[in-house]
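Assemble the complex: chain A is given as a structure, and chain B with the ligands must be docked to it using the hints.
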Amino acid sequence: MSSVKLRDVRKSFGHVEVIKGVDLDIEDKEFVVFVGPSGCGKTTLLRMIAGLETITAGNLDIGGERMNEVDPSKRGIAMVFQSYALYPHMTVRENMGFALRFARVPKDEIARQVNEAARILALDPLLDRYPKQLSGGQRQRVAIGRAIVRDPEVFLFDEPLSNLDAELRVHMRIELARLHKELKTTIVYVTHDQVEAMTLADKIVVMRDGIIEQAGRPLDLYDDPANQFVAGFIGSPKMNFLAATIVEKAAGNVTLELANHGRARLTLPLTGGTVGEAVTLGVRAEHFGEAGAGGADISLDIDVAEHLGSTSYVYASAGGEALVVEREESRHENGRSHIVVSIDPERAYLFDSQGQRIR
Amino acid sequence: MVAEVETSGSMQDRRRGGAASNLARSEQINGWLFIMPALVLLGIFMVYPILWSLWMSFQVGRGMNFSFGGFANIIRLTQDPVFIRALSNTLLFLAVQVPIMLMLALLFASALNDSKLWGRGFFRTAIFLPCVTSLVAYSVIFKSIFALDGIANQALLALQLIENPINWLSDPFWARVVVISAITWRWTGYNMIFYLAAMQNIDRSIYEAAKIDGVPTWARFWFITVPMLKPVILFTAVTSTIGTLQLFDEVNLLTNGGPSDATLTLSLYIYNLSFRFMPSFGYAATVSYVIVILVGVLSLIQFLIARDRRR
Ligand SMILES: Nc1ncnc2c1ncn2[C@@H]1O[C@H](COP(=O)(O)OP(=O)(O)OP(=O)(O)O)[C@@H](O)[C@H]1O
Ligand SMILES: [Mg+2]
Numbered sequence: 023m024s025s026v027k028l029r030d031v032r033k034s035f036g037h038v039e040v041i042k043g044v045d046l047d048i049e050d051k052e053f054v055v056f057v058g059p060s061g062c063g064k065t066t067l068l069r070m071i072a073g074l075e076t077i078t079a080g081n082l083d084i085g086g087e088r089m090n091e092v093d094p095s096k097r098g099i100a101m102v103f104q105s106y107a108l109y110p111h112m113t114v115r116e117n118m119g120f121a122l123r124f125a126r127v128p129k130d131e132i133a134r135q136v137n138e139a140a141r142i143l144a145l146d147p148l149l150d151r152y153p154k155q156l157s158g159g160q161r162q163r164v165a166i167g168r169a170i171v172r173d174p175e176v177f178l179f180d181e182p183l184s185n186l187d188a189e190l191r192v193h194m195r196i197e198l199a200r201l202h203k204e205l206k207t208t209i210v211y212v213t214h215d216q217v218e219a220m221t222l223a224d225k226i227v228v229m230r231d232g233i234i235e236q237a238g239r240p241l242d243l244y245d246d247p248a249n250q251f252v253a254g255f256i257g258s259p260k261m262n263f264l265a266a267t268i269v270e271k272a273a274g275n276v277t278l279e280l281a282n283h284g285r286a287r288l289t290l291p292l293t294g295g296t297v298g299e300a301v302t303l304g305v306r307a308e309h310f311g312e313a314g315a316g317g318a319d320i321s322l323d324i325d326v327a328e329h330l331g332s333t334s335y336v337y338a339s340a341g342g343e344a345l346v347v348e349r350e351e352s353r354h355e356n357g358r359s360h361i362v363v364s365i366d367p368e369r370a371y372l373f374d375s376q377g378q379r380i381r
Numbered sequence: 037m038v039a040e041v042e043t044s045g046s047m048q049d050r051r052r053g054g055a056a057s058n059l060a061r062s063e064q065i066n067g068w069l070f071i072m073p074a075l076v077l078l079g080i081f082m083v084y085p086i087l088w089s090l091w092m093s094f095q096v097g098r099g100m101n102f103s104f105g106g107f108a109n110i111i112r113l114t115q116d117p118v119f120i121r122a123l124s125n126t127l128l129f130l131a132v133q134v135p136i137m138l139m140l141a142l143l144f145a146s147a148l149n150d151s152k153l154w155g156r157g158f159f160r161t162a163i164f165l166p167c168v169t170s171l172v173a174y175s176v177i178f179k180s181i182f183a184l185d186g187i188a189n190q191a192l193l194a195l196q197l198i199e200n201p202i203n204w205l206s207d208p209f210w211a212r213v214v215v216i217s218a219i220t221w222r223w224t225g226y227n228m229i230f231y232l233a234a235m236q237n238i239d240r241s242i243y244e245a246a247k248i249d250g251v252p253t254w255a256r257f258w259f260i261t262v263p264m265l266k267p268v269i270l271f272t273a274v275t276s277t278i279g280t281l282q283l284f285d286e287v288n289l290l291t292n293g294g295p296s297d298a299t300l301t302l303s304l305y306i307y308n309l310s311f312r313f314m315p316s317f318g319y320a321a322t323v324s325y326v327i328v329i330l331v332g333v334l335s336l337i338q339f340l341i342a343r344d345r346r347r
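Chains A and B supply the protein sequences, listed in that same order. The numbering used here applies: residue 23 is where the first sequence begins, and numbers increase by one. The numbering used here applies: residue 37 is where the second sequence begins, and numbers increase by one.
Isolated chain B, as found in the complex:
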């Protein structure tokens, strides 16, 4: 009697289990069908090129004539002065531009978060606008501003800050300054939006309490705003680092890497290696993996620095 009940019970269980697994299987198939188009596209346009470029980075040769070269490309990297130039330029841009831009974005954000500021809607829009303007349009305008007879020189001359016009785009130092200003101008507002959004979530009475307790303005910014925005600052630092490591558009349009490679970046060098010089796809792929490794290492360092030290 007992055994019978047990078997029929377990049979029922099995039947129910079977139905459930059928259902689960059809749900799974449906799910996969839904994401299949996206997966196929991702596979063709992301995974395949990534793997293919990894394979390519071990190939040597010109154009479509290539053969396996082992570590030849990596050795070539260490002996290639143009690569060293591009790498050091890129790291210089990174080291100078990202901190300046994030500082500016933070300062703008905290200024524009003050509800008593007059015209803050206008300023918010004005500072955000650059990152939605057309890249080519803004490059052309920057080029004209920093031309020999552009308004930058005219203004500085009129203010008597300089005696002779500066040859912005053909002087190595000033060309870098122009490139850094251009990307800072374009991306500061974008980062500011993240900070503003995060600041809106901070309880205003925290600042009021600090004010009543006599905490000075700079300390409210440094000891309250900055720590509370830490996750967002980390996020913007990582995305900006990645963006600057891949810097291409601005240098391509403004200076074309010149003068004499003073603003050549890794991305521009990759482009030149693949499409401008005698094509050397294998070596170009190796250089692009340098960027990948840099992004990985720098992001990891930033995460470690910003890690929450309280367990």
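Chain A extracted, bound-state conformation:
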């Protein structure tokens, strides 16, 4: 059993509280990814699970046991650092086997485990090299190998791919997904790359300012964000936000007026909100429809169009509001200065002035 359970966990550095009460359940064998903007406390929370930072208040259980005061080496965890943290004066083989020497593991058993990890990570030809003779991706794999040989219940990763170039990142991302399948252990993974989060995670934990904004399966967060922050954070390109006012309410739906789009009206199938309330309408770039497809049509001035081949992103604006629209056919629209798109009421989200979702 290697579930991790956090209950009202808090952390203060001096008088500054950086983790402000976190409740989270990480299931056995789950791949959990912490995402959030820089400084929101992802690393701090991970280090608290690792035992590198003390827990100011609250409860941390790993495998059903309270771990708040337990030494890092006895928590059944292994951690991979952003900087790799390899021992520069030891070969790859020594790096991976070093810690086992102090766990009274016999020599031939150490060798066996190191070779096994090297096989999993395709490190065999590099075993006698020193870290400085390796590329970034190879160093990363050694760091992961060092974690694997300890056979931990829970792996902790702090932005392991952020020092790699884009191509290698994609490669290592796939490697990590494969590794998770092969090792069948719990993984807690920190990143601020939301593509990594979407592709790797069983569960994404979106953090802001020391609290969890929302935790759930990647597509649940994408389809059903709890608030404007999560809606803006998950998905690429970022969700578009349009200023609006509720002008009418009927049973089961509300009608909005879009302030910056010629007071276009749109009726959404929602029950919340009050008439006259200033709200924000959220629409993803990929959810705009063709003009006249229903909902409301809005007309936009094109600023820039990026053609990626299979699809294009059109950066446009209206009434001082910048929007991104994804268009599959836009390569035929070269030279146009404006487009008309429709907003599908079924695929639009509404948020109140506090950023909370109106349902």
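Calculated directly from the structure, the hints in this document are not laboratory data. It is possible that some hints are incorrect.
Each computed DSS-like pair below joins lysine-lysine, with the alpha-carbon atoms no more than 25 Å apart [claimed, not checked]:
1) A/42 / B/152
2) B/152 / A/96
3) A/154 / B/266
Showing chain B with the ligands alone in chain A's frame:
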């Protein structure tokens, strides 16, 4: 046509080359002019004395009356019990003091590198301070501490560790202990600063990774800190060896080489030979070349021991 183009081309080249070499020459002259004052001073006060002392080491005689003596001085070395005494004292100080001091410096440095240690700024300063205090002031204080009625004896008596006061500076064994403590006290902080500076460059997450992996504290020190500081340890070992081989100030001020030459060092012996006894500059120069050779050999051995075995 072709030939013409070629000649004019090569002429141009030559002209350009000439200009370039003119420029290079004037740059060179300027460069030499800039370093000339320093070179002249170095020549007068370093190179000339070194060469002159080499020549002197083959001279025999007293005062300014000397004549070429071939290897006479070297033969005299082997038969001079005071020299043998000074040499063995110096090597003893070296063998005992340098390892103790470097170990202490390493331990202090790793303790003071811990960001959780309370008052580390104060301790860093306190440990570094001895090496910037005045030599004479600290010798006087050491002398008073280790006087027969000094606080060292008073404290040991009060703690009932000894029954009678120790005659620190007139007992051969304790006199050496005092000299070794004095130089250790003075230079430990200096070496510690090098270690601290090097430790600040070690990525903290290396230690955190080791901690999570269950590597005990002593092993983190021995298998991570020490190997990663190897170049700095080598540097401090060489400089400390040189310093201790030239040990002069402390013994001169604290014990004057006594009692009965128990703390006489090579440097002090050289001084005595030149300025205290009937001057014997030639022989003194020979003894000083013994130090030079010792420094060279010991430094070479240290480099060989510490050499990176991975190609
Ligand atoms: N040792 C410390 N002392 C004081 N404040 C700290 C300490 N470590 C982190 N903080 C503060 O805690 C907050 C959270 O930091 P943390 O490193 O957890 O952020 P993060 O989410 O990992 O950010 P990033 O994505 O940039 O790595 C920050 O405001 C940071 O300034
Ligand atoms: Mg971080």
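Comparing the hints with the structure gives:
1. Annotation: proposed proximity of residue 42 of chain A to residue 152 of chain B holds, straight-line Cα distance about 24 Å (limit 25 Å).
2. At most 25 Å may separate the alpha-carbon atoms for a hinted pair to count; residue 152 of chain B and residue 96 of chain A meet this at roughly 22 Å.
3. For the hint pairing residue 154 of chain A with residue 266 of chain B, the CA-to-CA distance comes to about 17 Å; that is within 25 Å, so the pair holds.
Violated hints for the displayed structure: none, as all numbered hints are satisfied.
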